[in-house]
Amino acid sequence: MFTGIVEELGEVVKASEAFLAVRGPIVTSDAALGDSISVNGVCLTVVSVEGDVFTADVMEETYRRSVIGKLEPGDRVNLERAATLTTRLGGHLVQGHVDGVAEIVKRTPAAEWEEVTFRLPEGLAKYVVEKGSITIDGTSLTVAHIEGDEFTVGLIPTTLEATTLGRKQVGDQVHIETDVVAKHVEKLLQSAGSLS
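Counting along the sequence shown from 1, when you hit position 28 you're at 28 in the UniProt record's numbering, and nothing is skipped either side.
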């Protein structure tokens, strides 16, 4: 479980069909075998740590649901260690289980922030609500507006500087994780409907 508060921008050191090696001095400072680290919102399990580089195995399912397989050495990634019982919950409850890949369709700079609009993959818009939480590349954000399959968030200077979202361009793809509570409510309502 994560909070969606990115701890640092890491750098991909090596990528293959089966594993990913990432440099991140903060997240590796106390990382151990079996720990979970969010890489652009994808929960990966640490299999080794050498200095400030950790390696994680990557399954076919992860490649199918995400764009982790497109990462190359030198790419920057958002990193966050798993939450603990004493962690401040500055964002929201994030599982690190990507629901799909969205595309940036518009960036609108303003004096103090920037609005960014994304197009959701089919079937995810029903889980996104205005003023609700959403995770984009592992970053906990608030939905400012949603219309159809497109939603907009506002990015403050800190988010623009401290995450990959400040570097992404129109047409780039990002990982989306919707609020897990909405998915549970939907399943409960479906089950209740089948009982009547």
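Read the hints as simulated data drawn from the structure, not as lab findings.
The reader is advised that the hints may include incorrect statements.
To be verified - Restraint ranges, calculated between C-beta atoms of paired labels, are given here:
1) Glu122 / Val181: 20 to 30 Å
2) Asp172 / Gly123: 14 to 24 Å
3) Glu112 / Val185: 27 to 37 Å
4) Gly90 / His184: 19 to 29 Å
5) Thr55 / Arg167: 38 to 48 Å
6) Thr108 / Arg65: 27 to 37 Å
7) Ile26 / Glu122: 20 to 30 Å
8) Lys183 / Glu147: 35 to 45 Å
9) Pro73 / Gln169: 31 to 41 Å
10) Ile26 / Lys187: 35 to 45 Å
11) His145 / Arg64: 41 to 51 Å
The beta-carbon is built from N, C-alpha and C at its ideal position, and this holds for glycine as well.
Hint-by-hint comparison with the structure:
{"no.": "1", "hint": "Glu122 / Val181: 20 to 30 Å", "result": "holds, 21 Å"}
{"no.": "2", "hint": "Asp172 / Gly123: 14 to 24 Å", "result": "holds, 21 Å"}
{"no.": "3", "hint": "Glu112 / Val185: 27 to 37 Å", "result": "holds, 35 Å"}
{"no.": "4", "hint": "Gly90 / His184: 19 to 29 Å", "result": "holds, 23 Å"}
{"no.": "5", "hint": "Thr55 / Arg167: 38 to 48 Å", "result": "violated, 24 Å"}
{"no.": "6", "hint": "Thr108 / Arg65: 27 to 37 Å", "result": "holds, 29 Å"}
{"no.": "7", "hint": "Ile26 / Glu122: 20 to 30 Å", "result": "violated, 36 Å"}
{"no.": "8", "hint": "Lys183 / Glu147: 35 to 45 Å", "result": "violated, 21 Å"}
{"no.": "9", "hint": "Pro73 / Gln169: 31 to 41 Å", "result": "violated, 20 Å"}
{"no.": "10", "hint": "Ile26 / Lys187: 35 to 45 Å", "result": "holds, 36 Å"}
{"no.": "11", "hint": "His145 / Arg64: 41 to 51 Å", "result": "violated, 30 Å"}
The structure shown violates the earlier hints numbered 5, 7, 8, 9 and 11.
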